[in-house]
Amino acid sequence: MFDALSDRLEGILGRLRSRGRIGDADIEETLGQIRTALLEADVDIGVARALVAGIRGRLVGEALSRSLSPAQQVVKAVHEELVDVLGGETLRLTYASPPPTVVLLAGLQGAGKTTTAAKLARWYRQQGRNPLLVGADLQRPAAVEQLRVLGQQAGVPVFSQPTDPVAVAAGGLEEARRLGRDVLIVDTAGRLAIDDALMDEVRRVSEAVTPRYTFLVIDAMTGQDAVGTARAFHDTLELDGVILTKLDSDARGGAALSVKHVVGRPIAFASTGERLADFDLFHPDRMADRILGMGDVLSLIEQAEREFDRDVAAEGATRLMQGRFTLEDFLSQLQQVKKLGSIGNVLSLLPGVPKELKAADAIDDRQVGQVEAIIRSMTPSERAEPALIDGSRRVRIARGSGTSTQEVNQLLRQFKEARQLMRSPGMLGSMLGGKGGRLAQSLADRMADPGLGQGDLAGLGSGLGGLGSGVEGSGPGSAPAARGAKGRPGAKKKKGGRVTPKSGGGRPG
Amino acid sequence: MIALWIALAVVLVALMVGLVVAVPRRRRGAGGSGPTPTVETGPPRPTARPPRPVPSPAPSTAPGVAEEPGAAVVAEAEALLAGPEAPAAPVEPAPPELRERMGKTRGLIAGAVRAMRSRGSVDGETWEELEEALLRADVGVATTSTLLDDLRARVAGGDLRGPDAVVEALRQDLRRSLDTEAGTGLEVDKDATTVWLFVGVNGVGKTTTIGKVARRQTEAGHSVLLAAGDTFRAAAGEQLELWAERAGVEIVRGAEGGDPSAVVFDAVQRAAARGNDLVLADTAGRLHTKVNLVEELKKIRRVADRPPGKVMEVLLVLDATTGQNGLAQARQFLDAVGVTGVVLTKLDGSAKGGIVVAIQRELGIPVKLVGLGEGPGDLVPFDPDEFVTALFE
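Protein sequence lines, in the order shown, are assigned to chains A and B.
First residue of the first sequence: 10, per the working numbering; consecutive thereafter.
First residue of the second sequence: 686, per the working numbering; consecutive thereafter.
No wet-lab data here; the hints were simulated from the structure.
Quick caveat, the model's predicted, so the values are computed rather than measured.
Just to be clear, a hint being listed does not mean it is correct.
What the hints assert, rightly or not - Stretch by stretch, here's where chain A covers chain B in the computed footprint (C-beta under 8 Å, at least three residues): (1) 819-827; (2) 877-888; (3) 923-936; (4) 972-984.
As the list claims (entries may be wrong) - The list that follows gives simulated cross-link-like pairs (lysine-lysine, DSBU-like), each with its CA atoms no further than 35 Å apart: (5) B:LYS983 <-> A:LYS348; (6) A:LYS348 <-> B:LYS984; (7) B:LYS875 <-> B:LYS984; (8) A:LYS425 <-> A:LYS347; (9) A:LYS348 <-> A:LYS425; (10) B:LYS875 <-> B:LYS983; (11) A:LYS347 <-> B:LYS984; (12) B:LYS875 <-> A:LYS347.
To be verified - A few chain B residues that don't get close to chain A, going by computed Cβ distances all over 10 Å: (13) GLU810; (14) ASP834; (15) ARG839; (16) VAL840; (17) THR893; (18) ALA958; (19) ASP990; (20) PRO993; (21) GLY1023; (22) ASP1063; (23) PRO1066; (24) GLU1071.
Just so you know, even glycine gets a beta-carbon here, dropped at the ideal spot from N, CA and C.
Given these sequences and hints, build the entire structure.
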């Protein structure tokens, strides 16, 4: 998602970094390139102009900080401006009292409203709510049927009747009260913003249920039309936010950048895949990180917190750090990771992963299935001790998993290499931190932010900070202190994870 | 190498979560207030997608398994080019007016042109206005720059004088961009069961388009059979079935989550057996970036192309609101399944569809049909003259 834009910006800013001094001409040239990059990503032309002007203002107006190199200052200005345009803060959802909290979805045909309704219902369920879906799209053939199937998958009941949309919505509200459902999600038919009759209809639907939230569903691949559409719907319905769909396509998302700016309403949710789980609150600051190629570890962690089995994860981490990580552990962690969606998706959230791998679908999940099959064809003792695997065992495993002995060999070799790499903090550090421990730094920054400075994040950050320091270290025994100390001194004693007695020298006192 | 990366990613994720989970727990353990685990109660979590079926080999009843050698019949088909399509137009009770429906697009460029004319000379502002107008119509940065740079050079060289000449030259350039050697007719093969395959990303209107094409082609004298190849999206089959009823044609459906290639194969077999000469094959919406799904599509095409079937058209359905991503979509689908034409849907909205200019200039894929509304008759053949004229009047 946003790949083309982030690639372009990374390239532009990268060229800037390679220069020592940056003059006005360089800045103007860079701003011109940024404008083109934005337009190619379908950012509204007016918004692109405003964005470029904003970046220029930040660079020219403010006293330049001494601690940052000129290139870093440009990156910072772009980042701040992107966060601004993307909508600043994450939307904080509240609930109506008395219930139900009504959420109305509207949008053009094919934006993904019906699928979004089901995803949203699942999301509310995860928040501990009891949603009811209302199928008020009586226009598209089989739309209600689609909602029923998806509702079943999400474990959420669906209400609809073949009358008219306004009556269905009102009926749904009554039904929610009767059943004691506390969230009501109303799916409406797709309509063009210029279709007065249908726009009037959706307004009447809205009046019938007085929604607490009205969301416009927008396809991330939309071009310059997004802004006009958003404006028209906002005029009719008084939007509270936007839900952006199909963000898993390549590139674009310029619509996302533009809508907040034009209608003054944030992007509330984003949908990043075909599975119902591929849906979450939209975090503008993290998205800005992703656009600038900084990865999005925080989203990954949150997702993991929701989907992972904590004991299994903790066990795996402990064993990894003790160097006892076996194929069996690998397999059980793999099952966990699969809960997060496709492997490619997970990779795209990690910083420092080579671009070729982030390229959409560079990783075929079927390959992962093959890896799994190979491991599952091993006996428990083989999984614990791969050295046991001799020629004939290899043949058996290959047969059992429907692969070749070469593939089995390859897996064993790669696992061995990976395990060695994992044990050396240098590798992990460079993977996590990229050049110069950017991740560790950004985590340290975040921890200074009171909103995020919860215990577990701080713990994690310092853990990563410590690992990041390995970049400067020379081997397994070196002290994991440098980066952590630099990032945030107070966090150092929380470096609970790394049980390396020899490294004690790095700690103060 | 990739497996190694997977291993690293997996281990990393596990490690991070392990730290998140384990570290605070260890510390807080004494206090007795561990983090509250998010327990998921209630019905089982939705099965993601039934893993998109790794397409099983097509039914073994295939008579000739050999791949179709090639375009032996194309020449004959060319003769039919204007056949069923052209006469269909007058049949429509009220053929939608492209120009009328595209009012918004016209407004944009026309506004810029008016402003230019009122100033009477070609200056920096002129170029900015033209650029903005083209960009707002989703023509794209690259195409816009090419078009305008060329005009600028001609103005500088003295070939063009005055705003009117500039606008006229731009109009001609745009019109030329939409010229096509392949023609915009829809081709059939008289000696085989013709298959038209409809592909595209999610939500562009493939199923609706097929419904409309079915009606049109039935009116044009074809015996149409629909293949409900979208076995993934919930209720897509039902949706197509309703369209089949409206158009009064038959439909072949498979099980939800089943193999779409098998559905298309069955449809072709049945069409051949029953004497239907045209199979319209729906496919599930898929992002052009999903490798497996694009592979699945390639297989559908291969299977559909086996005798007695012959794929004569692969139509990329494109939403007119699509921005610059449309070019990437067209490129990927062209590479994968040899797209022969574009169906531009939802052009009756405020969207301009300018991306088709870039698609045709760069990839040579012509627009063949245009969707102008939700009614069954609101799908018309693309008329480039009208499209460009509508931009300028």
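Tested hints:
Given a C-beta distance limit of less than 8 Å, the hint that chain A covers the segment 819-827 of chain B holds, as 7 residues qualify and 3 suffice. Only when three residues or more bring their CB closer than 8 Å to a CB of chain A does the claim for the segment 877-888 of chain B stand; here the count is 3, and the claim holds. A count of 5 residues in the segment 923-936 of chain B with a Cβ less than 8 Å from any Cβ of chain A is obtained; the coverage claim is therefore met, three being the minimum. Coverage of the segment 972-984 of chain B by chain A holds [criterion: at least 3 residues with CB-CB distance below 8 Å; count 6].
Restraint check for LYS983 (chain B) and LYS348 (chain A): the C-alpha separation of about 28 Å stays at or below 35 Å, so the hint holds. For the hint linking LYS348 (chain A) to LYS984 (chain B), the alpha-carbon distance of about 28 Å falls within 35 Å, and the restraint holds. For the given pair, LYS875 (chain B) sits about 24 Å from LYS984 (chain B) by alpha-carbon distance, which is consistent with the 35 Å threshold. For the hint linking LYS425 (chain A) to LYS347 (chain A), the alpha-carbon distance of about 22 Å falls within 35 Å, and the restraint holds.
At roughly 25 Å between alpha-carbon atoms, LYS348 (chain A) and LYS425 (chain A) fall within 35 Å of each other, so this suggested pair holds. For a cut-off of 35 Å, the pair hint linking LYS875 (chain B) to LYS983 (chain B) stands: about 24 Å separates their Cα positions. With a C-alpha separation of about 26 Å, the suggested pairing of LYS347 (chain A) with LYS984 (chain B) holds against the 35 Å cut-off. Of the supplied pair hints, the one linking LYS875 (chain B) and LYS347 (chain A) is violated, its CA atoms being roughly 49 Å apart against a limit of 35 Å.
Its beta-carbon lying about 15 Å from the closest one in chain A, GLU810 (chain B) satisfies the requirement of being farther than 10 Å from that chain. At roughly 14 Å, the least C-beta separation between ASP834 (chain B) and chain A is larger than 10 Å, which holds for a residue marked as non-interface. Taking the minimum C-beta to C-beta distance to chain A, about 23 Å, the non-interface status of ARG839 (chain B) holds against the 10 Å cut. For VAL840 (chain B), the requirement that its beta carbon stay farther than 10 Å from each beta carbon of chain A is met, with the minimum near 22 Å.
Not every CB of chain A lies more than 10 Å from the CB of THR893 (chain B), the least distance being 8 Å, so the non-interface label is violated. The beta carbon of ALA958 (chain B) is kept farther than 10 Å from every beta carbon of chain A, the shortest such distance being approximately 28 Å. Residue-level check passed: ASP990 (chain B) sits 24 Å from the nearest beta carbon of chain A, beyond 10 Å. The beta carbon of PRO993 (chain B) is kept farther than 10 Å from every beta carbon of chain A, the shortest such distance being approximately 30 Å.
The beta carbon of GLY1023 (chain B) sits about 20 Å from the closest Cβ of chain A, which is more than 10 Å, so the claim that it is off the interface holds. At the 10 Å boundary, the C-beta of ASP1063 (chain B) stays outside the reach of chain A, the nearest C-beta of that chain being 12 Å off. Chain A leaves PRO1066 (chain B) outside its interface by the beta-carbon criterion, the shortest separation being 21 Å against a cut-off of 10 Å. Against chain A, the non-interface label of GLU1071 (chain B) holds: every CB pair exceeds 10 Å, the least being about 20 Å.
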